[in-house]
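Asks: Given only the sequences and the hints, what does the whole structure look like? Please build it.
Each chain is listed here by its residues.
Protein chains: 2
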Amino acid sequence: MKTTLTFLGTSTSVGIPVIGCDCASCSSDDPKNDRMRSSVHIQTATHSILVDSGPDLRQQALRHNLRKVDAVLYTHCHLDHTAGFDELRAFCWRRDSPLPLYSSLSCLDELSRVYAWAFSPENIYKGYIKPAVHPVAAPFMLGETKVTPLPVQHGSVETIGFRFDQAGQPSIGYIPDAKSIPETTLDLLDGLDHFIIDALRPSPHPTHLSLPEAIEIAQAVGAKQTWLTHISHETDYLLEESKLPPNIRFAHDTLTLS
Amino acid sequence: MKTTLTFLGTSTSVGIPVIGCDCASCSSDDPKNDRMRSSVHIQTATHSILVDSGPDLRQQALRHNLRKVDAVLYTHCHLDHTAGFDELRAFCWRRDSPLPLYSSLSCLDELSRVYAWAFSPENIYKGYIKPAVHPVAAPFMLGETKVTPLPVQHGSVETIGFRFDQAGQPSIGYIPDAKSIPETTLDLLDGLDHFIIDALRPSPHPTHLSLPEAIEIAQAVGAKQTWLTHISHETDYLLEESKLPPNIRFAHDTLTLS
Numbered sequence: 018m019k020t021t022l023t024f025l026g027t028s029t030s031v032g033i034p035v036i037g038c039d040c041a042s043c044s045s046d047d048p049k050n051d052r053m054r055s056s057v058h059i060q061t062a063t064h065s066i067l068v069d070s071g072p073d074l075r076q077q078a079l080r081h082n083l084r085k086v087d088a089v090l091y092t093h094c095h096l097d098h099t100a101g102f103d104e105l106r107a108f109c110w111r112r113d114s115p116l117p118l119y120s121s122l123s124c125l126d127e128l129s130r131v132y133a134w135a136f137s138p139e140n141i142y143k144g145y146i147k148p149a150v151h152p153v154a155a156p157f158m159l160g161e162t163k164v165t166p167l168p169v170q171h172g173s174v175e176t177i178g179f180r181f182d183q184a185g186q187p188s189i190g191y192i193p194d195a196k197s198i199p200e201t202t203l204d205l206l207d208g209l210d211h212f213i214i215d216a217l218r219p220s221p222h223p224t225h226l227s228l229p230e231a232i233e234i235a236q237a238v239g240a241k242q243t244w245l246t247h248i249s250h251e252t253d254y255l256l257e258e259s260k261l262p263p264n265i266r267f268a269h270d271t272l273t274l275s
Numbered sequence: 018m019k020t021t022l023t024f025l026g027t028s029t030s031v032g033i034p035v036i037g038c039d040c041a042s043c044s045s046d047d048p049k050n051d052r053m054r055s056s057v058h059i060q061t062a063t064h065s066i067l068v069d070s071g072p073d074l075r076q077q078a079l080r081h082n083l084r085k086v087d088a089v090l091y092t093h094c095h096l097d098h099t100a101g102f103d104e105l106r107a108f109c110w111r112r113d114s115p116l117p118l119y120s121s122l123s124c125l126d127e128l129s130r131v132y133a134w135a136f137s138p139e140n141i142y143k144g145y146i147k148p149a150v151h152p153v154a155a156p157f158m159l160g161e162t163k164v165t166p167l168p169v170q171h172g173s174v175e176t177i178g179f180r181f182d183q184a185g186q187p188s189i190g191y192i193p194d195a196k197s198i199p200e201t202t203l204d205l206l207d208g209l210d211h212f213i214i215d216a217l218r219p220s221p222h223p224t225h226l227s228l229p230e231a232i233e234i235a236q237a238v239g240a241k242q243t244w245l246t247h248i249s250h251e252t253d254y255l256l257e258e259s260k261l262p263p264n265i266r267f268a269h270d271t272l273t274l275s
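Chains as they are written, first to last, in the working numbering: chain A, 18 to 275; chain B, 18 to 275.
A couple of the hints might just be wrong.
In this list, chains with the same sequence are indistinguishable; a pair is considered to hold if it fits within one copy or across any two.
Below, in silico cross-link-like pairs of lysine to aspartate or glutamate (EDC-like), each with a Cα-Cα straight-line distance of 20 Å or less [claimed, not checked]:
id	residue 1	residue 2
1	Lys85	Asp113
2	Lys19	Asp182
3	Lys241	Asp207
4	Lys143	Glu251
5	Lys163	Glu251
6	Lys85	Glu161
7	Lys241	Glu258
8	Lys85	Asp39
9	Lys163	Asp207
10	Lys143	Asp113
11	Lys241	Asp210
Think of the hints as simulated: they come from the structure by calculation, not from any bench.
Replies: Laid out in structure tokens, this is it:
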């Protein structure tokens, strides 16, 4: 079975359309301008992997008939990547063992502060989330897939992306939130088939890559194909895409790579 | 202008359909079986009032073109009523003053623990939620509308409903989550036009009113019309409704009362 990656959401923290906004992106009829908060689902031969549990997780799971999750990987502890934590209950009901959560120690600590009841030894209630915490600072295996954490800079919160490698399958790098990428992480991005990178909007932002910054990084990484994500309503994606080389494209919700 | 109440959501904590469920309610084509998490919006001549900020708030606001909120009233601090807190940003951008939040002191304390940055004196960032906290234990006014907190029992978490009264307007009582209603609160429910009450499912539940329990309370309250909410997928609402007197009905998402 081929490994696939599906974009469950491709927007920045407020989604597109933005509540109460009449701008061109927010009032567009183009379904690609309908973006839920950034998250991806990766299906390997053995594992159903969710990256982040954003506020739209229930809608995303229903849209894609996602019934089973074997591991949740968190990039960082901002609400647009975590606020759907409670929706993970539906995946826990159908498991015999706790649900493995992989992230930086600081992100897992913050999750256990906010959702304290789930992480408490007194969490014995049927129906609650039962997490199994896995702090990661080095590559780890999910079945035959090697997962490599990718440390990046994203304001003051510790943030990682993830690289997925399996022999005979496309290699994928996913970095939805970053302002800059350290050299040591750039070194981990060699030889990718698909590189997915934050490209918030055309103009600079203090904690996210702008479109020109993302393009510069994409060209340095040199993946076969780059997909831009974590998009703001300030981006006219059709106009901007017309200026890009064909191996750099905007991702959109429901897009599946394999 | 007539006061209106719109049901933004009418489901229990997991929504209907439930992720991965094939039961009759979850696979139904009846749009009334498509229920987001319980929340209501009340529009008076002067105030746009949101009761709870559940996980579906962005979808609910987009569906109803809700652009302005003057006050958020919280019934209690469970995630199906609070997880959309971060979506309130969109309403804060369009205000000159902090957004008033009304609830029990314990609920506001828990919100300030979980969303600590918003409540911090160091919250000076453009775009963040700026809350103005109003603990309530007695009736208060929003314009010409008197709002009365309604203490109820709902497991271990302090929980309230709200009654809305204005001369010449329908009087409304809203209690989305309760296992029982104390006599002192029943005394506050006299003479209602609309009574909205938790009726989770036909069978008993440790922290919610069952359908038979809700009907018994509705008959004791004697409102002109009772609307059942916080519905579980275990309820065949059409079958159950056929057994009810005409002044007790199931609410559904998008229903507006006036």
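Asks: Each hint needs a verdict: does it hold in this structure or not?
Replies: Here is what the structure says about each hint:
In this assembly of identical chains, the alpha carbons of Lys85 and Asp113 lie at most 20 Å apart only when taken from the same copy (12 Å versus 45 Å across copies). Proximity of Lys19 to Asp182 under the C-alpha cut-off of 20 Å is restricted to the intra-copy arrangement: shortest distance 12 Å within a copy versus 61 Å between copies. Proximity of Lys241 to Asp207 under the C-alpha cut-off of 20 Å is restricted to the intra-copy arrangement: shortest distance 11 Å within a copy versus 69 Å between copies. Taking identical chains as interchangeable, the C-alpha atoms of Lys143 and Glu251 lie at most 20 Å apart only when they sit on different chains, with a minimum of 17 Å there against 44 Å within one chain.
Neither within a single protomer nor between protomers do Lys163 and Glu251 lie at most 20 Å apart by alpha-carbon distance, with minima of 36 Å and 41 Å respectively. For a Cα distance limit of 20 Å, the shortest separation of Lys85 from Glu161 inside one copy, 18 Å, qualifies, whereas the shortest one across copies, 50 Å, does not. With identical chains, the CA atoms of Lys241 and Glu258 are at most 20 Å apart within one copy only, with a shortest distance of 17 Å there and 58 Å across copies. Proximity of Lys85 to Asp39 under the C-alpha cut-off of 20 Å is restricted to the inter-copy arrangement: shortest distance 14 Å between copies versus 37 Å within a copy.
Taking identical chains as interchangeable, the C-alpha atoms of Lys163 and Asp207 lie at most 20 Å apart only when both belong to the same chain, with a minimum of 15 Å there against 64 Å between chains. In the homo-oligomer, the alpha carbons of Lys143 and Asp113 lie at most 20 Å apart inside one protomer (12 Å), although the nearest pairing across protomers, at 45 Å, exceeds that limit. In this assembly of identical chains, the alpha carbons of Lys241 and Asp210 lie at most 20 Å apart only when taken from the same copy (5 Å versus 64 Å across copies).
Hint 5 from the earlier list is the only one contradicted by this structure; the remaining hints agree with it.
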